[in-house]
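**Q** Single-letter residue listing:
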Amino acid sequence: MPNDEDLGAILLTLKLASLVTAILLLVGTPIAWWLAHTGSRWKGIIGALVALPLVLPPAVLGFYLLVLMGPHGPVGQFTKLLGLGTLPFTFGGLVVASTLYSLPFVVQPLQNAFEAIGTRPLEVAATLRASFLDTFFTVVVPLARPGFLTAAILGFAHTIGEFGVVLMVGGNIPDRTRVISMQIFNHVETGEYAQAHWLSAGMLVFSFVVLLVLYTLTPNPWSKR
Amino acid sequence: MKAFTRISLAVALAFSVAPAWAEDVQVAVAANFTKPMEKIAADFEKATGNKVVTSFGASGKLVEQMKNGAPFEIFLSADQKNPIKLEQEKLDVSGSRFTYAIGKLVLWSSKPGYVDDQGEILKKGDFQHIAIADPATAPYGKAAMKVMEKMDLLGTLQPKIVQGESIAQAKEFVSSGNAELGFVALSQVIKEKGGSSWMVPQSLYKPLYQDAILLKTGENSAAAKAFISYLASDAALAVIKDYGYELPSWTKTDAK
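Going down the list, the sequences are from chains A and B. According to numbering that gives the first Met the number 0, the first sequence is numbered sequentially starting from 0. According to numbering that gives the first Met the number 0, the second sequence is numbered sequentially starting from 0.
Wrong hints could be hidden among the right ones.
[Claimed, not checked] Pairs of lysine-lysine residues, derived as BS3-like cross-links and limited to a Cα-Cα distance of at most 25 Å, are as follows:
no.	chain 1	residue 1	chain 2	residue 2
1	B	K122	B	K205
2	B	K159	A	K79
3	A	K14	B	K159
4	B	K159	B	K205
5	A	K79	B	K110
6	B	K149	B	K159
7	B	K123	B	K145
8	B	K123	B	K110
9	B	K110	B	K190
10	A	K79	B	K123
11	B	K123	B	K159
12	B	K34	B	K50
Simulated from the structure, these hints should not be mistaken for laboratory data.
Working from the sequences, and respecting the hints, build out all of it.
**A** Here it is in structure tokens:
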């Protein structure tokens, strides 16, 4: 059976993933919108930067975050100036790291959805004198609903499974930075296979259900339609 | 086609050097012993021509890997408990275990003048993070917990503890300044310039007898046996001492 530390890790992971998903939808939507509609020559660079965590080894991301957010790094200096202290080994640090790490999983489905809508519905809305925000919430959001759903589910699920970055900047603190994957790692490394099985099987079922829901709700979440 | 020829040539070349690997010695080494091991391995290679392949990590983790069939021939632990586990699993060459060094724990900061030489800073608790190695797998982490417990400070320090997955990561947390101070092995910081430290008195933790053991996988390897005897040689002991370890008493009584 899962012990108290396991339950703590599960709660912490759910809290982290929920918060990160909310932040990602807020931050990712404007980025995806811009990428879907811009003709700017920066599009390639920004698009590549956003997609970078897909191919970058988590250890690399973790290393740079540790250096940047540490007391000698520019981000660390800034957060200290704000009186927040430094971010490594804190829940806030994990939120920042996970947001960067899961960014492409939210931006890309949204971008695909926005591109699929095209400009025509926007132009029609404009002829009806709808303001931009009006158009966005009454035309774009309903049409891009599958995209938002895919983005939210993928962002959430990907954050749940994060390991490498947490290993680098987390510090393995119970109830603060020890997420599920970290806890599984600890169990395996100390030979507590029964505990590792509980959590791993849970993750397996969870991941399958997530994908099942995703494929049931949106016929082909990866297509551009 | 040209590319294919080139690739096959490269592959053929890569495999043609394979026989040279035959005399490799695969050694699993507790992370605290990283620096002396690098020196000892280099000296051994120079002296014998055998190549030493090392993997570093927390002792508990390395033992789990060996139980699961990791191909190590020699294990240099940070304690005696972990090699004894291998004896219980009958993975060792029986009678091969011996103490090669006695480890020393220090409280260390990369900031000069930060840690006082009495460890009073622990009582003041004027810091955000104190790094230790994971006590579940690293003997030095366990020793650090013992020290804080004995000083009756574990309750107040607990929320500030951050754990490295081995003593190497714990030291990295302190070096980068992300943790103001931490419990590390003397060998990791003895050659470090700057910084400040407190040698933790031996009365606060059990002596860290570090044992080496020859595994069944290395039973028939002349190179592995040669390394074991090299580890107990005067040349290797001099390096071990140089990195701040205390030498086991058998060095005084008999030349093993």
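**Q** Under the criterion that the straight-line Cα-Cα distance not exceed 25 Å, is the pair K14/A, K159/B satisfied?
**A** holds, 21 Å
**Q** Checking one constraint from the list: CA of K110/B to CA of K190/B, max 25 Å. Satisfied?
**A** Roughly 15 Å between the alpha carbons, so the hint for K110/B and K190/B holds.
**Q** Given the hinted pair K159/B and K205/B, is their alpha-carbon gap at most 25 Å?
**A** Since the Cα atoms of K159/B and K205/B sit roughly 23 Å apart, the hinted pair holds (cutoff 25 Å).
**Q** Between K123/B and K110/B, is the straight-line Cα distance small enough, at 25 Å or below?
**A** Holds - the C-alpha atoms of K110/B and K123/B are around 17 Å apart, at most 25 Å.
**Q** Between K79/A and K123/B, is the straight-line Cα distance small enough, at 25 Å or below?
**A** holds, 21 Å
**Q** Mind checking the alpha carbons of K149/B and K159/B for me, to see if they're no more than 25 Å apart?
**A** holds, 17 Å
**Q** So if I understand the rule, the pair passes when the alpha-carbon distance is 25 Å or less; does K122/B with K205/B pass?
**A** holds, 21 Å
**Q** Is the straight-line distance between the alpha-carbon of K34/B and that of K50/B 25 Å or less?
**A** Given that 25 Å is the threshold and the Cα spacing comes to 17 Å, the pair holds.
**Q** Is the straight-line distance between the alpha-carbon of K79/A and that of K110/B 25 Å or less?
**A** Holds. K79/A to K110/B sits at ~18 Å (cutoff 25 Å).
**Q** Could you grab the alpha-carbon distance between K123/B and K145/B and see if it respects the 25 Å cut-off?
**A** holds, 19 Å
**Q** Does the structure keep K123/B and K159/B at a Cα separation of 25 Å or less?
**A** holds, 13 Å
**Q** Check the hint pairing K159/B with K79/A against an upper bound of 25 Å on the C-alpha distance.
**A** Answer holds: K159/B to K79/A is near 17 Å, not above 25 Å.
Comparing the model with each numbered hint stated earlier shows that all of them hold.
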